[in-house]
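In order, the protein sequence lines correspond to chains D and L.
Read left to right, the first sequence gives residues 65 to 290 (this note's numbering).
Read left to right, the second sequence gives residues 65 to 290 (this note's numbering).
I should point out that these hints are in silico values taken from the structure, not numbers from a laboratory.
A few of these clues could be false.
[Claimed, not checked] Pulled a few chain D residues facing chain L out of the computed Cβ check, cut under 10 Å: (1) Leu120; (2) Ile123; (3) Gly126; (4) Leu191; (5) Lys219; (6) Met263; (7) Arg267.
Just so we're clear, the structure is a prediction, and the values are computed from it rather than from any experiment.
Ideal Cβ positions, reconstructed from N, Cα and C, are used throughout, including at glycine.
Protein chains: 2
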Amino acid sequence: MHRTKVRVVEDALDANNTIARANRDDFDHHGVKVVNFMSAPGAGKTTLLERVLPQLEGIRVGVLEGDVQGSMDADRLAGLHVPVTQINTDPGFGGECHLDANMVRSAVPSLPLEEIDLLVIENVGNLVCPAEFRVGEDARVMVCSVTEGEDKPLKYPLMFRTCELVLINKIDLLPHLEFDLGKLLYNLDAVHPGVQRMMVSARTGEGIGEWRNWLSTLAARAEAPA
Amino acid sequence: MHRTKVRVVEDALDANNTIARANRDDFDHHGVKVVNFMSAPGAGKTTLLERVLPQLEGIRVGVLEGDVQGSMDADRLAGLHVPVTQINTDPGFGGECHLDANMVRSAVPSLPLEEIDLLVIENVGNLVCPAEFRVGEDARVMVCSVTEGEDKPLKYPLMFRTCELVLINKIDLLPHLEFDLGKLLYNLDAVHPGVQRMMVSARTGEGIGEWRNWLSTLAARAEAPA
């Protein structure tokens with residue numbers, strides 16, 4: 065009985081991974097690098113994009129916005145003159161709390177893949193389910209705000225464990241918080257030893273240059289010969 | 065086809081509601097009032113409980129802790145000498161991002177219903193799915209931290225719409241944020257006109273007395289005759 069349950073979960077994730085590979089093939093075909101960008105609600109994903117996208121000189125960026133409903137973040141980013149495509153998980157998928165490979169698949173025909181080098185997929189604000197579904201990305205970046213407390217890596221380990229980069233945001237607020245940055249980093253290394261991390265502030269701009277360089281390097285990365 | 069899909073969703077929620085009613089009957093049988101306590105990760109649910117529970121004089125409180133894994137919050141609250149029961153959604157349910165009625169049902173035999181007047185169910189940190197599943201509660205309370213931005217009611221409307229009380233937390237940080245409280249309240253009233261709200265700070269204690277009184281009133285509320 066237990067064995068059967070595990071099989072079902074594996075099958076569902078297998079199906080997701082099959083579709084994620086199809087997305088991946090389409091992205092590769094057009095030479096587009098893809099970031100799956102995740103965090104809790106209000107950690108600062110959209111504001112960080114508003115900060116970094118104008119600095120990505122020479123790289124053509126597109127954004128795929130995932131939200132339960134509405135297009136507030138897409139509207140904010142459209143002002144930066146980057147192509148933004150919106151997916152709402154509410155009407156078509158029953159109010160899903162994450163993007164999966166098939167939702168991204170449904171958006172692929174709307175993406176200007178011929179015209180971009182880098183696609184940032186802003187996932188639904190949630191630290192649980194987005195971590196469980198690959199969507200065809202090259203890298204996963206998550207934002208962790210210092211206002212959320214030091215314990216979040218231990219409470220949501222899959223999210224922290226499956227990221228290539230952790231942006232620790234709102235560090236301008238550190239003087240006003242009872243927050244132990246060393247403790248957060250200790251907890252981060254406990255679940256994902258040595259994962260790359262950057263201290264950033266979308267408000268003051270601190271650390272944004274470092275993140276810009278990371279994205280530039282990703283976008284310029286040549287694929288190893290198959 | 066579309067019609068079929070809607071039916072399936074309704075059936076799943078019907079099953080949840082049937083089990084929620086069974087929970088409700090058990091709680092009623094023991095005269096226990098129940099709060100479903102929800103928020104995004106890091107909004108301050110556990111800290112607010114640490115603040116308010118010791119002030120609830122004359123009311124016997126129990127806590128049911130929902131987490132993907134671990135028992136960090138339960139450990140914190142156990143220090144207050146209230147009975148705390150832990151549900152992990154990871155091993156038994158596949159890493160669920162919310163509590164549903166059946167998960168709570170599985171915990172009912174472990175709850176000391178004879179010995180408490182008020183049960184607080186601390187849900188998994190998430191603004192999407194917890195709102196979709198009734199668990200047999202009398203009231204839903206959500207925490208919204210001012211660090212999360214003014215737009216959250218518009219982005220996660222179901223959560224804000226299905227609550228009886230919204231605690232707006234971390235107001236001690238207002239002087240350090242570019243945050244428009246009027247705009248948050250405007251957005252809140254747009255999705256849930258007139259919903260009761262309290263400005264609180266788990267750190268300074270501001271507003272905690274008002275919240276304590278709200279919980280006391282709920283715990284003392286007599287059921288209307290059937």
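* Hints the structure violates: just list their numbers, smallest first. => 1, 2, 3 and 6
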